[in-house]
Every structure is written in structure tokens, then in C-alpha cells.
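Residue numbers (the numbering used here), protein chains in the order written: chain A, 1 to 453; chain B, 1 to 453.
Everything labelled a hint here was simulated from the structure, so no lab data went into it.
Keep in mind that the hints are not guaranteed to be accurate.
One-sided and incomplete, this derived list gives chain A residues near chain B with beta-carbon spacing under 8 Å [to be verified]:
(1) CYS50
(2) ASN73
(3) ILE74
(4) ASP85
(5) GLY367
(6) LEU368
(7) VAL372
In this text, a Cβ means the ideal position worked out from N, Cα and C, and glycines have one as well.
Protein chains: 2
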Amino acid sequence: MGVNMTHYDVICIGTGGAGNTAAFRLASAGKKVLICDYKQFGGTCAISGCDPKKVMITAAEFADFNRRLCSKNIADERLKLSWADMMANKRQFTTSHSEKLIYKYNKTGIDYVEGKASFTGEDSLKVGDKEYTFDQALIATGSKPLTLPFDGFKYVCDNECFLDLDSLPERVLFIGGGYISVEFANIANAFGAETTIVQIDDRLVPSFDEDIVEVMTESLVESGVKIMTGARVYCIEKNSDAYVVTIETASGKVSVDVDMVVHGAGRVANLDGLNVDAARVEAARGGITVNDYLQTTNPKIYAAGDCTATKGYLLSPVAFMEGYIAASNILDGNSKKPDYTNTGTVMFNVPSLSAVGYTESMAKAAGLDYRVNFQRTDHWFTSFRVIEKFSAYKVLIEKESNKILGAHMIGPHSEDIINMFVIAMNKGLTTGDMKKMIYAYPTATSDVIHMLD
Amino acid sequence: MGVNMTHYDVICIGTGGAGNTAAFRLASAGKKVLICDYKQFGGTCAISGCDPKKVMITAAEFADFNRRLCSKNIADERLKLSWADMMANKRQFTTSHSEKLIYKYNKTGIDYVEGKASFTGEDSLKVGDKEYTFDQALIATGSKPLTLPFDGFKYVCDNECFLDLDSLPERVLFIGGGYISVEFANIANAFGAETTIVQIDDRLVPSFDEDIVEVMTESLVESGVKIMTGARVYCIEKNSDAYVVTIETASGKVSVDVDMVVHGAGRVANLDGLNVDAARVEAARGGITVNDYLQTTNPKIYAAGDCTATKGYLLSPVAFMEGYIAASNILDGNSKKPDYTNTGTVMFNVPSLSAVGYTESMAKAAGLDYRVNFQRTDHWFTSFRVIEKFSAYKVLIEKESNKILGAHMIGPHSEDIINMFVIAMNKGLTTGDMKKMIYAYPTATSDVIHMLD
């Protein structure tokens with residue numbers, strides 16, 4: 001060990017869900033731990049992803065609630081929402097999250113350092129000018145927006161930028177039709193921006209169930225979001241007044257003037273400057289290569305969260321779970337494997353769209369014997385009473401066992417209903433099991449009974 | 001059988017949750033069924049209880065959402081909500097509910113008749129002038145407001161009246177501090193009425209957990225509801241401008257002028273005019289006496305729902321369940337018993353208050369060995385992001401088994417979170433089982449993980 005080197009039992013790179021979960025578990029078990037990050041401590045979910053996004057979506061929910069009541073003359077005011085004050089509320093959350101983390105590092109005896117980590121060998125890395133050695137390490141560096149191959153990509157703003165704007169521009173265009181664009185479009189639209197989504201596929205969020213996404217698309221259109229499908233950004237130019245976005249469509253190129261272009265077209269593992277080669281850690285297109293125990297090609301080094309090439313979705317709870325499992329295997333040797341089955345997921349469109357398990361096309365491809373319950377539910381009480389026109393569910397039920405294979409839905413509290421299905425599917429409950437209980441009523445979650453008829 | 005008598009296999013008295021569930025089940029099994037009611041078809045829950053109340057509470061939710069956003073300057077408008085338009089929306093729901101029922105009676109071949117049923121013998125009854133005989137019958141007549149023993153009780157308006165007002169008076173006083181008063185007070189207050197609750201006990205809703213109710217009471221006070229505990233209405237007089245309500249308090253009598261007095265002080269079985277004696281059906285103070293199979297003292301006659309003296313709460317899903325079980329036993333002989341354990345319940349305060357299982361005092365009285373997780377959660381993300389100050393949970397966990405004995409909470413989506421506990425408790429899941437799943441995040445229901453630490 002060089003004279004300027006500091007040694008740790010474990011070094012965790014990244015302060016998001018995976019890195020933190022592992023660091024706290026390792027420190028509790030008595031390990032001497034260093035954690036580092038070159039961005040505001042907390043990771044994407046807490047600082048520039050799920051959480052702050054959902055703070056901002058609160059405004060979209062309120063604006064939509066107002067719109068629905070106004071449609072029946074129950075409310076009659078045109079709302080004016082303050083972006084700046086909502087942003088202040090968001091910053092109160094993100095700032096205190098980072099402060100709390102540092103408080104907890106101090107309390108638990110975890111050392112932390114700000115700066116970009118770069119491997120210098122199989123058991124050493126640098127953060128800034130300082131070099132550290134480790135017995136074991138965890139790479140939990142998360143993801144970053146995919147670089148897109150068109151002229152003017154430098155004008156594109158990413159999630160970090162959009163979720164920290166002091167004021168919202170008047171015209172905003174989102175590249176990509178995935179969940180980031182849909183969620184951000186709800187926010188921009190709620191605060192009064194002219195909002196456009198440009199999506200390369202023939203529909204939004206292709207990984208979600210087609211029939212449910214159709215209902216969601218209707219909701220976006222009704223709320224005023226302009227959606228261009230089968231369309232791809234060709235280039236972006238800047239003039240004195242606007243960004244001129246040229247879009248290739250089936251009927252030729254069109255140009256639109258906007259004040260901001262936001263990247264919602266996919267994310268990849270963030271291995272910037274990490275110099276994984278020096279540590280003999282292999283990475284492929286999907287991220288760092290790991291075995292079933294989240295161990296990289298360097299046995300001293302594990303990886304968890306968005307930066308890995310696992311089957312897990314890029315979701316916060318998956319990162320927590322992987323961080324926990326990596327830490328367990330660091331402590332006890334390879335013994336625990338992540339389980340990605342029956343992971344609940346939600347897209348915070350307004351209303352929310354949620355899913356767990358097999359989609360219909362997956363179930364078909366797998367040759368399963370199932371029945372499908374699909375229905376639009378705007379006439380159901382849960383939707384009727386809040387005047388929500390855009391709600392539906394699709395549940396796949398295995399014929400022989402009456403167990404639930406998959407659930408997909410949009411509507412009021414769908415994100416909570418889906419978690420009922422997460423329990424049902426994880427514990428192998430049948431439709432009979434789920435229908436026999438006496439749920440609190442009248443609630444969105446008690447609707448599961450009717451989804452399982 | 002007399003010449004003017006019509007005979008049915010089964011006659012169901014009452015068109016609420018219990019009566020309908022039974023009638024449809026019996027008709028599907030091939031029975032010739034008559035159903036009758038003297039009020040608008042649908043029962044209390046659908047016509048003048050849970051459902052229409054929750055339609056009206058939609059306005060309270062919106063007003064509260066506005067208030068919370070205004071507290072951070074995110075919204076800034078003073079809302080004006082239209083009672084008449086909300087009522088129109090409610091009536092659209094209740095009217096179509098009755099129409100749908102009648103459509104389904106016709107489709108299923110169930111005969112129906114409007115009028116008050118009155119037993120004329122052990123296997124006969126009259127509805128209006130017409131007499132019917134039956135092989136079996138089901139009493140499912142529901143509940144009605146308790147008569148209160150003070151002068152001027154005739155001036156008091158009940159749930160049916162309050163939920164069908166063409167316009168809302170300016171000053172409304174609610175007698176009783178149970179869930180009806182609390183829910184209605186939220187509604188009246190949201191639409192701008194000066195709102196008072198007079199409660200005889202030293203706190204609101206004594207059947208719910210004390211610590212959680214304390215948080216709820218704070219929410220009511222902050223939203224402007226005036227609460228008088230340890231107070232009892234002594235008399236009501238009417239003058240040309242107002243109802244003068246005299247209230248006995250610990251420090252003497254006080255009189256307040258209001259424009260409407262609403263009854264929220266408890267309900268009893270509705271056996272009005274039913275003449276149960278003629279059928280040799282016994283009834284006690286709590287309602288019709290039934291055995292474990294919901295059979296009355298007349299073996300031909302069963303009873304289900306609010307009118308029975310069972311251990312089941314006066315809740316719609318309990319009535320559905322009892323109706324189903326009574327019909328099963330009518331069809332197959334006594335074989336099924338109702339199970340009231342782990343019934344979820346929710347009070348639609350804004351925010352909602354929900355519960356399942358043992359309260360702390362019940363668990364203590366039962367001598368159980370448990371630990372308590374109690375916390376106010378205004379700093380949790382679910383509450384923080386919607387600026388909700390009034391949220392908390394209390395979970396009782398059995399020490400040895402780590403199974404959940406009871407859950408009590410107030411806050412955003414508490415009514416959905418509680419249904420996660422309903423599943424957990426009905427299926428005997430442990431805290432470990434519940435924490436191991438990957439829930440859709442960030443959602444209110446995913447907070448269960450932190451409630452079970």
C-alpha cells in the first residue's frame with residue numbers, strides 16, 4: 001500500500017438506492033466502509049428521478065382534479081399553479097434527503113467522499129487525487145441518459161435539468177415515448193406549457209400492455225399533450241428565439257419551434273470515467289456483467305442497481321434489493337440471488353398506469369393457459385365519483401389454478417391496487433382467496449374483487 | 001293459500017347489499033324470488049350512505065388539496081365549489097344505481113315490488129295490500145337513525161336528508177361524533193358551511209385507535225370544523241331565523257343558532273312495521289336474533305346485514321357477505337358461517353382513517369404479547385409530497401410469530417394501505433413476508449415496508 005493510500009474493507013461507488021442499502025448493511029455488520037459520489041448524495045431516484053418527479057406530479061394531479069370537477073361545473077376556476085413554489089417544495093425534499101444521508105453516514109461510521117471514482121487496479125481506485133485500496137468494492141453508479149445520434153443533441157436537456165428548472169419554458173418537446181417523457185409531459189402540461197412528445201414507435205411505452213396504454217394516450221390527448229408517434233428527431237437547431245426541432249415522420253420532415261427539448265428516450269449504465277478495465281471488470285451494452293450473485297468478473301467487486309446488466313428493471317426497489325443482496329454476498333460469500341418475479345411497477349401518468357407480471361403478449365408467447373379480464377371502468381364507482389373517464393384494467397388468470405399471472409391497469413389509485421396484486425402473485429393466492437376477504441369499502445383497492453370475477 | 005296470495009320460494013325484504021346479494025344468488029340457483037323495499041331501490045349504502053357520501057367527499061378532497069397547495073403558495077385561488085352540481089353528480093349515480101338494479105331483476109327473473117313489508121304469519125307477509133306466502137324469507141331491512149330523547153328531535157335531519165339537499169345551509173351542526181358526523185362535517189365544511197360537531201364522549205369515534213383519532217381531530221380543527229366533546233344536545237327550538245340548539249357541557253349549558261341539525265349519533269336495526277312477532281322472529285336491542293348460520297328463531301326465515309344482531313360491523317361488505325351466506329344456507333341447509341375477523345374499515349375523513357384487527361386496548365385486554373409501531377408520518381414522502389400534515393400509523397405485531405394483529409392509520413391513501421393489511425392478516429403473513437416483496441414505488445401502499453420494521 002502506498003503512503004498516501006487509505007484502505008477500506010469495502011468501498012461503495014454511488015449513493016443511490018443500491019449503494020446506500022449495501023453501505024448501511026455492511027457498516028452494521030462491522031465493516032469499515034467508504035462511500036463516494038460525484039453528484040449530490042442520494043442517487044437518481046431521490047435527487048433527480050422518482051421522488052422529485054412525483055413531488056412535481058402532485059401539481060398535475062391537482063390540475064387534473066380541477067379539470068374533472070370543472071367538466072361537471074362543480075369547480076369553475078381556471079387554476080394558476082406556481083412552478084417556482086412547487087420547485088421550492090421539491091428542493092426542500094431533495095436537499096434534506098442529502099443532509100439526512102450524511103447525518104446517517106456520520107452516525108453509522110461510514111466515511112464518505114465527494115468526487116468521481118476511477119479504478120486504478122484490481123483492488124484500488126482514485127476519487128479525485130486521493131487513492132484508496134479495498135478488500136471488496138460495490139459498483140452502484142446507476143444510469144444516465146443515452147446519447148442520441150442526431151445533430152444538435154447538445155441542446156437537449158435531461159432529467160436532472162428538467163427537474164431543477166427555476167422556471168418552466170412555454171413550449172417543451174420531449175424526445176421518446178417512455179415513462180420519463182410521459183411523466184414529465186404531465187408535469188409540463190399541468191403548469192401550462194405547450195407540450196409535445198415525439199415517439200419513434202407506433203405507440204407510447206411499448207413495454208406496457210397495449211390496451212391500457214391506449215386509454216392512457218387518450219388521457220394525455222384530452223389534457224392537451226400533443227403526441228407524435230412513428231416520428232424521430234432528425235436534428236435540432238438553435239436560433240435567437242427558439243430551438244427548431246426537425247422531426248422525421250411517415251409523411252416527411254416537419255419542423256417545430258420550442259423553448260426546450262427534454263431527453264426521455266432511454267437510459268444506459270453510467271460507467272463514465274470509472275475505468276472498469278483497470279479493475280478487470282467486464283461491461284457489455286446493458287451494463288456491468290454480473291453472475292447470479294451480483295459478482296463482477298473481478299471476484300472482489302460486486303455491482304448492483306441500474307448500472308448492472310441484470311434482468312431487473314431500472315427501478316428503485318430493484319436497486320434496493322440488489323444492494324441488499326450484494327452486501328449479503330460480500331459479507332457471507334455468494335449465497336443470495338436476486339428474484340425479479342412479480343415486481344410491481346407504476347408510471348405516474350395522471351391517472352397512474354401500473355403493472356405486475358405477464359403482459360398478454362408474454363403469456364401468449366409462453367404458451368400459458370389463461371383467461372383475460374379486460375374492461376374500461378369509467379362507470380365503476382371509483383372512477384365515477386371523481387369523474388375519471390380514463391380507467392381500465394386487464395388481469396390474466398391461469399385457468400387451471402385460478403392464480404393471477406399478470407395485472408395491468410390505469411385509473412385512480414392504480415398504483416395501490418397493483419400492490420395488492422404484488423402480494424397475491426408473490427404468495428400464489430387464487431382469485432377465490434382474494435375475493436373472500438372483507439376489504440375496506442368503498443375504496444379503489446376493494447375493486448380487485450370485481451377484477452377477478 | 002288464499003285466492004289473492006302469491007307464493008314464492010324465497011322473499012327478500014330489502015334491496016340493499018344483503019338483500020340483493022341473496023336474491024341474485026337464489027335466483028341463479030333456480031329459486032322463484034320476490035324482493036321488496038319501501039324506499040328507493042338500492043339500500044342505504046348505495047342510495048343514502050357510503051357511496052353518495054363518498055361522491056360528495058370528492059369535493060372535500062379537492063378543497064383540502066387546494067388548501068394544502070395554497071399553504072406553500074403553489075396554488076393561490078380561493079375555491080368556490082357548487083353544491084348543486086355535486087349533488088347532480090351524486091343523483092346521477094344513485095338514480096342509475098336503482099335503474100340498473102331493476103334491469104338486473106328483470107334480466108334474472110326476480111320479481112320486485114315497492115312497499116312496506118309486514119309479516120302476517122310464519123310463512124306469509126303483506127306488501128301494501130297484497131299478501132304473499134313463502135317457503136323461506138330473508139330479512140335484510142338494514143338500519144335507521146336511533147331516536148334521541150330530547151325536545152325538538154323532530155327538527156333533526158338524517159343521512160337521507162343531508163345527502164339529498166338541494167342547497168347547503170350556512171350553519172350546520174352534527175349530533176354525535178361517530179363516522180357519519182365526521183364524514184358529513186368534512187363535506188359541509190368543504191362547501192363553506194360553518195360546521196360544528198357535538199360529541200357526548202371525550203373524543204371523536206371512540207371505537208378507533210386513540211392516537212390516530214387525535215391526528216384526525218387536529219385535521220378537522222385545522223380545516224375549520226368546530227368540535228365540542230363531552231357535550232350533549234339538551235334541546236332544539238326553532239325560531240324564525242334559526243334552530244336554537246342548547247348543549248349541555250361540563251361548564252354548563254350553551255345555545256347556538258344554526259340552520260340545520262344533522263343526526264350522526266348512531267343507528268339501529270330498522271324493523272319498522274315489519275311485525276316480526278307475527279312471524280315468531282325474535283329481535284333484541286341490537287337487531288334480529290340469529291344463530292351462527294344467520295337463521296332467525298323462525299327456521300324458515302334468515303336475516304342478514306345491518307338489521308341483525310351479529311358481531312359484524314354495520315358495513316356494506318359485511319352485509320354482502322352475510323347476504324351471500326344466508327342465501328347459501330337457504331339453498332343448502334345450514335352449512336356456512338360468517339367470519340368477521342380481519343374486516344377492513346375506513347372512515348372518510350379527509351385524509352381517510354382506516355383500521356383492521358386489534359386496537360391496542362383490545363390487544364392489551366386479550367393479554368397478547370405484541371410490539372407497537374406508532375409514528376406520525378408527515379415527513380414521509382407519501383405525505384410530504386402532497387403537503388399532508390395529518391398522517392400517522394400504528395401497527396401491532398405479535399412478538400413471537402411476527403404476524404400482524406392490527407393496523408390503524410390516517411393519511412393519503414390509508415384506505416388502500418389498510419387493504420394490504422387485510423390480505424396480510426387474513427393469510428397470516430409475517431412482517432418478513434410483507435417486506436420481501438417488490439412493490440410499485442413511490443406509492444402509499446409501498447410504505448407498508450417501513451411500518452413493519
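Hint-by-hint comparison with the structure:
Because the smallest distance between the Cβ of A:CYS50 and any Cβ of chain B comes to about 5 Å, under 8 Å, the interface hint for this residue holds. At about 4 Å, the closest approach between the beta carbon of A:ASN73 and any beta carbon in chain B falls short of 8 Å, and the interface hint on this residue holds. Given hint, A:ILE74 at the interface with chain B, holds; its Cβ is 5 Å from that chain's nearest Cβ, closer than 8 Å. Hint status for A:ASP85: holds, given a least beta-carbon distance of 4 Å to chain B, under 8 Å.
A hinted interface residue such as A:GLY367 counts as satisfied when its beta carbon comes closer than 8 Å to some beta carbon of chain B; here the least separation is about 26 Å, so the hint is violated. Because the closest C-beta pair between A:LEU368 and chain B is about 22 Å apart, greater than 8 Å, the hint is violated. Interface hint at A:VAL372: violated, since its Cβ lies 21 Å from the closest Cβ of chain B, which is beyond the 8 Å cut-off.
Checked against the numbered hints listed earlier, the structure breaks hints 5, 6, 7; every other hint is satisfied.
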